[in-house]
Amino acid sequence: MTTAAIATYLDTENIALPYCPGCGHKSIVKQLDKALVKLQLDPKKVVIVTDIGCIGLADRNFMTNTFHGLHGRSITYACGVKLARPELTVIAVKGDGACGIGGTHLLNVARRNIGITLLIANNFNYGMTGGQHSVTTPDDGVTPTTPWGNFEQPMDLCATSSAAGAAWVHRATSFDRDLPDVLADAISQEGFAMVDIWELCSAYYRPRNDFRRADMMAMLTENQFKPGRITDKPRKEYSARYFETYQADRNVREDRSKISLQFEHRLDRQMGIIIAGSAGQKIKSIATLLGHAAIASGLHATQKDDYPITVMSGHSLAEVILSPHVIEYTGIDEPAIVVVISMDGVKQAGACIRALPETSTIYAEESLELPDTNAQVRRFAFIEAAKHVGKLSLATVAIGTVLQDTGPFPLAAFTAAIQKNQKPAIAEVNLKAILAGAALVNPNAAIGL
Amino acid sequence: MSYEFIEGNEAVARAAMKAGCNFFAGYPITPASSIFQSMLDLIPSTGGMAIQAEDEIAAIGFCIGAAMAGRKVMTATSGPGISLYSENLGLATIGETPMVIINVQRQGPATGSATKGAEGDIQFTRWGTSGGLPVIALSPASVAEAYELTYHAFNLAERFRVPVTLLSNKEVGLTRERVDLDAIKLPPRRERIKVAEDEAFVPHGFQSSADVPVMADIGGEHIVRYTTSTHDQVAKLTTNPEIIGDMLAHYNNKIINHVDEITRVKEDFETGAQTLFISYGVTSRSVAAAVETVRRKGRKISSLVIQTLWPVPEKVILEAMQGIKKVIVPEMNLGQYLLEIQRLVPANVELVGINKMNTTLISPRQIIEEGGLL
Ligand SMILES: Cc1ncc(C[n+]2csc(CCOP(=O)(O)OP(=O)(O)O)c2C)c(N)n1
Ligand code: SF4
Ligand SMILES: [Mg+2]
Numbered sequence: 000m001t002t003a004a005i006a007t008y009l010d011t012e013n014i015a016l017p018y019c020p021g022c023g024h025k026s027i028v029k030q031l032d033k034a035l036v037k038l039q040l041d042p043k044k045v046v047i048v049t050d051i052g053c054i055g056l057a058d059r060n061f062m063t064n065t066f067h068g069l070h071g072r073s074i075t076y077a078c079g080v081k082l083a084r085p086e087l088t089v090i091a092v093k094g095d096g097a098c099g100i101g102g103t104h105l106l107n108v109a110r111r112n113i114g115i116t117l118l119i120a121n122n123f124n125y126g127m128t129g130g131q132h133s134v135t136t137p138d139d140g141v142t143p144t145t146p147w148g149n150f151e152q153p154m155d156l157c158a159t160s161s162a163a164g165a166a167w168v169h170r171a172t173s174f175d176r177d178l179p180d181v182l183a184d185a186i187s188q189e190g191f192a193m194v195d196i197w198e199l200c201s202a203y204y205r206p207r208n209d210f211r212r213a214d215m216m217a218m219l220t221e222n223q224f225k226p227g228r229i230t231d232k233p234r235k236e237y238s239a240r241y242f243e244t245y246q247a248d249r250n251v252r253e254d255r256s257k258i259s260l261q262f263e264h265r266l267d268r269q270m271g272i273i274i275a276g277s278a279g280q281k282i283k284s285i286a287t288l289l290g291h292a293a294i295a296s297g298l299h300a301t302q303k304d305d306y307p308i309t310v311m312s313g314h315s316l317a318e319v320i321l322s323p324h325v326i327e328y329t330g331i332d333e334p335a336i337v338v339v340i341s342m343d344g345v346k347q348a349g350a351c352i353r354a355l356p357e358t359s360t361i362y363a364e365e366s367l368e369l370p371d372t373n374a375q376v377r378r379f380a381f382i383e384a385a386k387h388v389g390k391l392s393l394a395t396v397a398i399g400t401v402l403q404d405t406g407p408f409p410l411a412a413f414t415a416a417i418q419k420n421q422k423p424a425i426a427e428v429n430l431k432a433i434l435a436g437a438a439l440v441n442p443n444a445a446i447g448l
Numbered sequence: 000m001s002y003e004f005i006e007g008n009e010a011v012a013r014a015a016m017k018a019g020c021n022f023f024a025g026y027p028i029t030p031a032s033s034i035f036q037s038m039l040d041l042i043p044s045t046g047g048m049a050i051q052a053e054d055e056i057a058a059i060g061f062c063i064g065a066a067m068a069g070r071k072v073m074t075a076t077s078g079p080g081i082s083l084y085s086e087n088l089g090l091a092t093i094g095e096t097p098m099v100i101i102n103v104q105r106q107g108p109a110t111g112s113a114t115k116g117a118e119g120d121i122q123f124t125r126w127g128t129s130g131g132l133p134v135i136a137l138s139p140a141s142v143a144e145a146y147e148l149t150y151h152a153f154n155l156a157e158r159f160r161v162p163v164t165l166l167s168n169k170e171v172g173l174t175r176e177r178v179d180l181d182a183i184k185l186p187p188r189r190e191r192i193k194v195a196e197d198e199a200f201v202p203h204g205f206q207s208s209a210d211v212p213v214m215a216d217i218g219g220e221h222i223v224r225y226t227t228s229t230h231d232q233v234a235k236l237t238t239n240p241e242i243i244g245d246m247l248a249h250y251n252n253k254i255i256n257h258v259d260e261i262t263r264v265k266e267d268f269e270t271g272a273q274t275l276f277i278s279y280g281v282t283s284r285s286v287a288a289a290v291e292t293v294r295r296k297g298r299k300i301s302s303l304v305i306q307t308l309w310p311v312p313e314k315v316i317l318e319a320m321q322g323i324k325k326v327i328v329p330e331m332n333l334g335q336y337l338l339e340i341q342r343l344v345p346a347n348v349e350l351v352g353i354n355k356m357n358t359t360l361i362s363p364r365q366i367i368e369e370g371g372l373l
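These protein sequence lines map, in sequence, to chains A and B. Using numbering that gives the first Met the number 0, the first residue of the first sequence is number 0, and each one after it goes up by one. Using numbering that gives the first Met the number 0, the first residue of the second sequence is number 0, and each one after it goes up by one.
Because the hints were derived from the structure by calculation, they are not lab data. Ideal Cβ positions, reconstructed from N, Cα and C, are used throughout, including at glycine. Wrong hints could be hidden among the right ones.
Said to hold, decoys possible - For the chain A half of the interface with chain B, some residues (derived, Cβ under 7 angstroms), not all of them:
1) H67
2) G79
3) K257
4) H291
5) K303
6) L367
7) L369
8) D371
9) V428
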């Protein structure tokens with residue numbers, strides 16, 4: 000059974016085409032219809048996405064799916080639809096005005112090569128708002144916002160799009176007899192295709208500037224804007240590449256993050272620990288392991304990190320709370336333990352150190368100068384010990400010391416967390432570091448592990 | 000029992016997957032970026048897509064397009080990005096687009112403090128786009144709640160065909176906590192309600208004003224029309240004031256008439272208490288600690304924690320204030336939800352706002368002191 004050919008995709012009976020007499024938009028809408036008729040696409044599989052502006056009214060007459068979006072943003076919705084359903088034919092139609100406000104989308108859709116078709120109804124001004132100048136208004140063009148003539152360089156949309164990486168770009172005019180073929184060609188491209196269609200706004204730009212078809216053509220040569228096919232360099236469409244790239248990665252990662260209860264803790268109250276040092280000292284990851292070990296021992300835990308936005312310089316500070324009870328407030332007003340392993344850490348935790356009560360303990364690298372404090376200060380040769388273990392082991396050494404000294408949970412819980420979560424080479428260093436740290440308070444710490 | 004030690008942001012992504020999210024678009028911003036990172040880990044293996052857009056306007060634009068083509072979508076950002084979402088939030092409202100927006104709040108205004116927490120976007124969320132229509136917004140206090148409420152956000156978005164915002168906070172999003180996600184009870188996942196293939200499709204069809212119109216995917220068996228401009232039920236532009244009024248009433252009523260269904264609160268009431276805390280988000284945890292301290296001293300006190308900040312659960316709040324002489328509202332801002340309580344509080348009730356917006360949490364101690372509970 001053959002279905003009757005579709006004679007038109009336009010409904011102009013129920014809704015009249017809304018444009019001023021002589022407006023180029025009317026012609027563009029009709030030629031787009033002809034292109035669709037030529038292609039005989041299923042209207043349910045076609046989406047026409049428009050922008051704001053007079054051209055933004057274009058979708059109303061089409062009997063396809065239609066999406067009338069915000070000023071300058073039609074490309075974004077068209078991309079969303081296309082990415083969601085790559086099998087659809089998605090045509091975005093926007094004005095030259097939209098190319099200004101939505102310029103970044105113009106560049107990025109070209110660069111990404113998302114397979115939509117972009118038609119620009121380029122009438123050199125903002126028709127809908129009264130003929131103000133746009134990014135394509137010709138040199139000297141008079142508009143309400145360029146009363147003495149435009150001195151902003153008109154933008155070559157085709158060259159711009161091509162430079163941004165568009166696979167298929169064509170410049171046409173609404174007067175071109177072959178426009179339906181050009182549009183059909185554009186629509187048939189797998190990747191991104193754009194047609195910049197020059198035309199006249201009969202209400203504003205044309206009468207104000209006595210700007211006719213011949214002037215439009217002259218402008219091409221004056222500005223050295225090329226007509227016709229500008230770019231034709233097909234390459235693989237974005238969605239196809241996306242799924243190709245990520246489907247190789249379809250095997251869901253093994254879930255190493257689950258923690259089961261294996262140890263017993265020895266805490267009867269909440270314990271706040273602050274680890275203060277420098278960027279690159281692995282403070283964040285050691286704090287996370289501390290949390291893992293605590294949870295494996297039946298404790299609750301929270302962790303927050305503080306570091307400058309330039310992550311590889313300055314301080315790095317982690318706040319960890321361990322508790323036998325649910326932790327409500329995640330701030331640490333009075334840490335039980337402050338570990339300081341670098342001058343950055345001392346600086347960042349300075350105010351906190353000064354305010355500590357006698358009940359708190361500071362575990363400090365012995366070479367650091369600390370501010371005055373009521374807390375107990377215990378100094379250790381962390382740096383020296385870490386030197387014998389290996390790079391990036393300083394924070395782990397210090398945590399080894401703290402765990403051995405305060406024993407909220409067995410050292411074995413921490414070594415288990417290291418083994419479970421870290422790559423073997425790193426784990427090996429950290430296991431040594433934990434023991435080296437523990438040995439600073441108890442030379443026999445390794446026994447029993 | 001099997002625990003994890005994860006951040007709120009990861010919990011959001013995990014909940015999104017559980018809720019059936021299959022499209023994510025975002026733009027990098029601290030403290031929300033790790034949501035995108037987690038989505039990129041999780042989504043491709045299910046055939047979905049996570050994409051980085053050129054800016055937040057494109058990110059939400061991609062999401063709206065994808066949602067109308069049948070995807071369950073989410074985007075995540077912080078204050079500066081929400082500012083750029085603004086116009087499209089209006090589009091999603093007038094177009095009745097289900098979507099989930101995560102705002103991991105940071106200290107503003109403007110760029111503010113990228114790595115520091117705040118809850119300064121409470122009223123911004125309510126009035127974040129032109130037109131003043133009601134919105135749905137949920138506020139998690141913990142990593143577990145980030146999981147739970149993100150899942151609910153997806154269900155609510157489908158139920159009411161609206162953008163739903165999760166008002167997270169750096170203090171939740173980037174704090175690691177012990178959680179057992181499998182132990183969190185969740186209702187069945189709500190799938191999109193679509194028109195049957197052989198039935199006529201009316202893009203914004205409703206009988207009674209508060210009805211939620213069924214949908215059809217762009218690209219399916221029905222022609223779909225969608226528009227940012229004022230339109231009637233078939234998405235045809237209109238200037239008829241009566242139709243326009245009806246449509247606006249519909250957008251309003253489909254939310255306001257269902258406040259009870261949307262409302263989620265946590266009540267910790269004590270009979271005879273004359274002081275009531277009303278709080279939300281991470282600050283509600285300091286309140287919980289303060290409540291415990293006050294009760295240990297033998298004094299009665301009640302607490303109402305609001306998870307669905309918008310629409311305001313007025314009935315629940317009014318009920319909670321019965322017999323109460325003093326209401327305390329602590330917030331990590333200069334008193335935003337306080338405005339909502341202020342308009343509901345009976346004349347004889349003392350209302351105290353405890354406000355701090357200096358990037359640090361409000362501590363239980365501050366709540367007890369400023370709440371006059373020593
Ligand atoms: C964000 C925003 N700013 C401004 C406007 C007002 N506006 C409506 S149409 C338009 C210009 C449209 O010009 P163009 O894209 O060239 O379309 P034309 O009317 O010429 O067809 C503007 C600025 C708007 N709708 N939205
Ligand atoms: S104002 Fe210009 S662009 Fe708009 S319909 Fe009239 S002629 Fe066309
Ligand atoms: Mg124009």
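Taking the hints in turn, this is what the structure says about them:
no.	hint	in the structure
1	H67	holds (4 angstroms)
2	G79	holds (2 angstroms)
3	K257	holds (5 angstroms)
4	H291	holds (5 angstroms)
5	K303	holds (5 angstroms)
6	L367	violated (25 angstroms)
7	L369	violated (23 angstroms)
8	D371	violated (23 angstroms)
9	V428	violated (22 angstroms)
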